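J.: Spelled out, the chains give:
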Amino acid sequence: MDKSTIICRCEEISLEEIVEVIANGARTFDDIKRLTRCGMGPCQSKICNCLVAGVIHEQTGMEFHQIPLPRMRMPISPIKLETLATNSTTFSSVKSVLDEVELEDGKVK
Amino acid sequence: METSYETIIIGGGVVGSSIAYHLSERNKEGIVVLDKKFPLSGTSGSTQAWVWVHNKTPSWYAEFSMYSAELYPYLSKKIGDVEYKRTGGLSPFFSELDREKAERLAEAYEPIGIKIKVLSREEALEKEPSLNPDIVGATYSSIDGNVNPFRLVDRYMRAAKKNGVQYSTYNKVTEIQKLPGKFIVRAEKGRFECKNLVLAGGTWSRELGKLVEVTIPINQLRGQILVTEPLKPFLNYTISGLRQAFNGEVLIGYSMEEEGFNRATTLDVIQETANMAIHYVPSLRKAKVVRAFSGIRAMPEDGFPILGKIPGVENLYVAAMHSGVTLSPLVGTLMTELILDGETSIPIDRYSISRFA
Numbered sequence: 000m001d002k003s004t005i006i007c008r009c010e011e012i013s014l015e016e017i018v019e020v021i022a023n024g025a026r027t028f029d030d031i032k033r034l035t036r037c038g039m040g041p042c043q044s045k046i047c048n049c050l051v052a053g054v055i056h057e058q059t060g061m062e063f064h065q066i067p068l069p070r071m072r073m074p075i076s077p078i079k080l081e082t083l084a085t086n087s088t089t090f091s092s093v094k095s096v097l098d099e100v101e102l103e104d105g106k107v108k
Numbered sequence: 000m001e002t003s004y005e006t007i008i009i010g011g012g013v014v015g016s017s018i019a020y021h022l023s024e025r026n027k028e029g030i031v032v033l034d035k036k037f038p039l040s041g042t043s044g045s046t047q048a049w050v051w052v053h054n055k056t057p058s059w060y061a062e063f064s065m066y067s068a069e070l071y072p073y074l075s076k077k078i079g080d081v082e083y084k085r086t087g088g089l090s091p092f093f094s095e096l097d098r099e100k101a102e103r104l105a106e107a108y109e110p111i112g113i114k115i116k117v118l119s120r121e122e123a124l125e126k127e128p129s130l131n132p133d134i135v136g137a138t139y140s141s142i143d144g145n146v147n148p149f150r151l152v153d154r155y156m157r158a159a160k161k162n163g164v165q166y167s168t169y170n171k172v173t174e175i176q177k178l179p180g181k182f183i184v185r186a187e188k189g190r191f192e193c194k195n196l197v198l199a200g201g202t203w204s205r206e207l208g209k210l211v212e213v214t215i216p217i218n219q220l221r222g223q224i225l226v227t228e229p230l231k232p233f234l235n236y237t238i239s240g241l242r243q244a245f246n247g248e249v250l251i252g253y254s255m256e257e258e259g260f261n262r263a264t265t266l267d268v269i270q271e272t273a274n275m276a277i278h279y280v281p282s283l284r285k286a287k288v289v290r291a292f293s294g295i296r297a298m299p300e301d302g303f304p305i306l307g308k309i310p311g312v313e314n315l316y317v318a319a320m321h322s323g324v325t326l327s328p329l330v331g332t333l334m335t336e337l338i339l340d341g342e343t344s345i346p347i348d349r350y351s352i353s354r355f356a
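Going down the list, the sequences are from chains X and R. Each step along the first sequence adds one to the number in numbering that gives the first Met the number 0, with nothing skipped, and position 53 is 52. Each step along the second sequence adds one to the number in numbering that gives the first Met the number 0, with nothing skipped, and position 227 is 226.
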């Protein structure tokens, strides 16, 4: 690999960019992700995660078993919002900012 | 490694890093930031990062937020591109009752210089054609916007380091001892000494406070957010509930749950958030979600920032708040003034921790 080798294909992040943020103190996949966007694309790090672990190992000497895995989240593969939606318009945990504006005697509190 | 500093800042998130950067503009030496993990691993890295003003209440808190939002263009000039966009903010509403609230809000905020327009259904749809045609109206203010939180904290950190600030990360503070004229801070990677100590622990402030026997009444609030695939630019404004980033992805969410430090995402809230997205912007129905994430927000017991000196302990300071992204440019500026000059250009007495006593 040379420094222009693309490590994250979704976001087009090169080896050089990953090495640079490790030099700035990043130690985990998720640190690197937040600083470079590596692993934030549609595949959600399924392709780059082992490559990045290799770079962390080379740059810091951390053993592979010590390198935390990226945090995987729902969905496993991209899914349409309409598939998730239940079409309800009553909300409980989700708020509207105007819910937080309260009136008292016809005036904003 | 040097272990004696003028100032130690505990917490390298958006608040701690802003204080470090602003302090380093005037005081080039002797500043270290200690972070228990790595900046952006907590709240600052799991937010939609609205820079939001217009419907914060009460008016004095909105005014404080406005001063901070006003600093963003200047900050971007100094630390570099943080993808700050003053898009203007829209809060759609679906009932006439909310219009009443909106009208009162606009009246109350005019004297303090926050211009809020209460838009009719037609005006709102003209501004943001993708909104649900069933809306009743929306509040609008040009002061609101958003920023890329990753770029923001990274730029604060890089600018601070350039000015001589050191960062010691993956270094959790375990013990703090107050001696005459100095603090001894023990952390996983060693022992540090300083004259000034700033607690900027965000969600962990209460735990941090215990190390100096001070109650910092900050609780945790979980927010879950959905991220879509990049879409062509189609949202003109920051809508309270969702916004489109530079790269086209849409960030959606405005949920609040009391779940302590549990950062799980849960199907019920994800579904509700999807419902909200489609309720506000029906065309999002066909957009694909690539990720859900959750962040733990810091929530002071009364909702307002806890800022300033901690009474009774010389040279001990606290900066802990919700809305750290919106407030960070102002908080960094004011905390720097307080530490170096002993007073601030905008009064912060209202935000003193002594109000909880």
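No lab work stands behind these hints, which were simulated from the structure alone. Remember, it's a predicted structure, so these values are computed and weren't measured experimentally. Using N, Cα and C, we set each Cβ at its ideal position, and we do this for glycine too. There may be inaccurate statements among the hints.
Partner residues aside, some chain X positions facing chain R, computed with beta carbon under 8 Å [as the list claims (entries may be wrong)]: (1) I21; (2) A22; (3) A25; (4) D29; (5) P41; (6) K45; (7) I46; (8) A52; (9) V54; (10) H56; (11) T59; (12) E62; (13) P74; (14) K79; (15) S91.
Derived Cβ-Cβ restraints for the label pairs, each shown as a range [claimed, not checked]: (16) R:P57 to X:H64: 20 to 30 Å; (17) R:P232 to X:H64: 12 to 22 Å; (18) X:I46 to R:D301: 23 to 33 Å; (19) X:N86 to R:F233: 17 to 27 Å.
J.: Now look at each hint and say whether the structure bears it out.
T.: Hints, verified against the model:
Look at I21 of chain X: its Cβ only gets to about 11 Å from chain R, farther than 8 Å, so that hint breaks. Violation of the interface hint for A22 of chain X is found here, the shortest Cβ-Cβ separation to chain R being roughly 12 Å, above the 8 Å cut-off. At about 7 Å, the closest approach between the beta carbon of A25 of chain X and any beta carbon in chain R falls short of 8 Å, and the interface hint on this residue holds. With a least beta-carbon distance of about 7 Å to chain R, the hint placing D29 of chain X at the interface is held under the 8 Å criterion.
The restraint placing P41 of chain X at the interface with chain R holds, with a minimum CB-CB distance near 6 Å, inside the 8 Å limit. Hint on K45 of chain X is violated. Least Cβ distance to chain R is approximately 12 Å, over the 8 Å limit. Checking I46 of chain X against chain R: minimum C-beta separation of about 14 Å lies over 8 Å; hint violated. Interface restraint check for A52 of chain X: the shortest CB-CB distance to chain R comes to about 16 Å, outside 8 Å, so the restraint is violated.
At about 16 Å, the closest approach between the beta carbon of V54 of chain X and any beta carbon in chain R exceeds 8 Å, and the interface hint on this residue is violated. The interface hint given for H56 of chain X is broken, as the beta carbon of that residue sits about 17 Å from the closest beta carbon of chain R, more than 8 Å. The criterion of a C-beta within 8 Å of any C-beta in chain R is not met by T59 of chain X, whose closest approach is roughly 11 Å, and the hint is violated. At about 16 Å, the closest approach between the beta carbon of E62 of chain X and any beta carbon in chain R exceeds 8 Å, and the interface hint on this residue is violated.
About 6 Å separates the beta-carbon of P74 of chain X from the nearest beta-carbon of chain R, less than 8 Å, and the hint is met. Contact between K79 of chain X and chain R, as hinted, is supported at the beta carbon level, the nearest pair being about 5 Å apart and thus within 8 Å. Given hint, S91 of chain X at the interface with chain R, holds; its Cβ is 7 Å from that chain's nearest Cβ, closer than 8 Å. Range check, P57 of chain R to H64 of chain X: Cβ separation about 53 Å, and the 20 to 30 Å hint is violated.
For the pair P232 of chain R and H64 of chain X, the supplied restraint of 12 to 22 Å is violated, since their beta-carbon distance comes to about 43 Å. Between I46 of chain X and D301 of chain R the CB atoms are about 47 Å apart, so this pair departs from the stated range of 23 to 33 Å. The hint said 17 to 27 Å for the Cβ distance between N86 of chain X and F233 of chain R, and at roughly 22 Å that hint holds.
Consistency note: the structure conflicts with the earlier hints numbered 1, 2, 6, 7, 8, 9, 10, 11, 12, 16, 17, 18.
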